[in-house]
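Position chain E relative to chain P; hints supplied.
Here the protein sequences come in this chain order: P and E. For what it's worth, my numbering labels the leading residue of the first sequence as 1, then goes sequentially. For what it's worth, my numbering labels the leading residue of the second sequence as 1001, then goes sequentially.
Among the hints, erroneous ones may be present.
[As the list claims (entries may be wrong)] Derived DSBU-like pairs: lysine-lysine, alpha-carbon spacing no greater than 30 Å straight-line:
hint: 1; chain 1: E; residue 1: Lys-1136; chain 2: P; residue 2: Lys-18
hint: 2; chain 1: P; residue 1: Lys-18; chain 2: E; residue 2: Lys-1075
hint: 3; chain 1: E; residue 1: Lys-1059; chain 2: E; residue 2: Lys-1217
What the hints contain is simulated information worked out from the structure, not anything from laboratory work.
Okay, here's what each chain looks like letter by letter:
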Amino acid sequence: MTKVRKSPIILKPTIDEKMALQFASAASPAASGAASDNLTAASPRRPTAKRASTSDVGKNVRQISLTLKRDLYDKIAKAAARKNRTLEEHLIKHLIKRYGK
Amino acid sequence: MTKIVGIIQTKGGAGRSTFATNLAAHFSFREPTTLIDCDLPQATSSSWYALRQAEFPAKDLFLAQARDHVELIQKAKEQASVSRYLVIDGPPRITEITRAIMILSDLCLIPLGASAAEIWSTADLLKTLEEARTYKPDVDARLAWTRFRAYTREAQDLKDAVKKGLKLEELRNRLGYRVAFSEALARGLCVEECADRKAKGEVHALAEEVKRILAEKKK
Chain P
1 MTKVRKSPII LKPTIDEKMA LQFASAASPA ASGAASDNLT AASPRRPTAK RASTSDVGKN
61 VRQISLTLKR DLYDKIAKAA ARKNRTLEEH LIKHLIKRYG K
Chain E
1001 MTKIVGIIQT KGGAGRSTFA TNLAAHFSFR EPTTLIDCDL PQATSSSWYA LRQAEFPAKD
1061 LFLAQARDHV ELIQKAKEQA SVSRYLVIDG PPRITEITRA IMILSDLCLI PLGASAAEIW
1121 STADLLKTLE EARTYKPDVD ARLAWTRFRA YTREAQDLKD AVKKGLKLEE LRNRLGYRVA
1181 FSEALARGLC VEECADRKAK GEVHALAEEV KRILAEKKK
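So here's chain P without its partners, still in its complex pose:
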């Protein structure tokens, strides 16, 4: 009797498309790794560097210099003097009023 090589029977797996889509779309921050103390090189947990705060809210970050025409400069200086402020204080006040703190 001659042997006949049968091709394997292939059945489709049950691919739960809905579940895969649902889980894939529900990415969470859980995967980002957690901080840990007392870590050795062989520790399975990733050490996280303690970084200084990067927020500079409330701090002066940049000085801007402007070139103004004489008449505009005079107007601003006059208005500042009237309010008893320096030129900078007066301009900052106006910028805050326009853009918020």
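Just chain E, lined up with the frame of chain P:
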């Protein structure tokens, strides 16, 4: 029933493509197999496949590529009707596609080299796996050691640390630190087609172990 093996690891260079290509080639010796490359645009597995098909065209090994999770699900559904095994090579990130691989796969393999960096990234991956189990309680993920130098103290220490810290099942067979793996990949071969007998033995034993695990799963 078609079985799906997902290779996931967020650390680059951990051996995902080495695993994927060698497993796919091994499975294709006997049954139709599709290798799905999700690590794009790097496309290591696709390049390996292109080389292989140019030199040694195999009629039972197919390639598909998926750029996102929607495409992956679509390709998996298509290929499941022509292949007995699907081997998915994941990207080195926890993205939607990695998450989809966790749900689609009958077995997720996490290649792990004996280095602290790879162990840390695996720890990160575990959190996503736990999350996946809330959707699919039987997500089966196992560690697969690569570039393992059993005779070194460092490898043994890391192995012990992983056993204690990660609490994840491991494949019994491991791949060692061998030139044959990178050589085979560059030539479009699988290690079982190379001369290095030790490397051949390791891949064969590991692939057969994976087959056994898949066979034991509910039909």
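Right, here's what the structure says about each hint:
Restraint check for Lys-1136 (chain E) and Lys-18 (chain P): the C-alpha separation of about 12 Å stays at or below 30 Å, so the hint holds. Between Lys-18 (chain P) and Lys-1075 (chain E), the direct Cα distance comes to roughly 15 Å. Compliance with the 30 Å bound is thereby established for this hinted pair. With a CA separation close to 27 Å, the supplied pair Lys-1059 (chain E) and Lys-1217 (chain E) stays within the 30 Å bound.
The earlier numbered hints are all upheld by this structure, with none contradicted.
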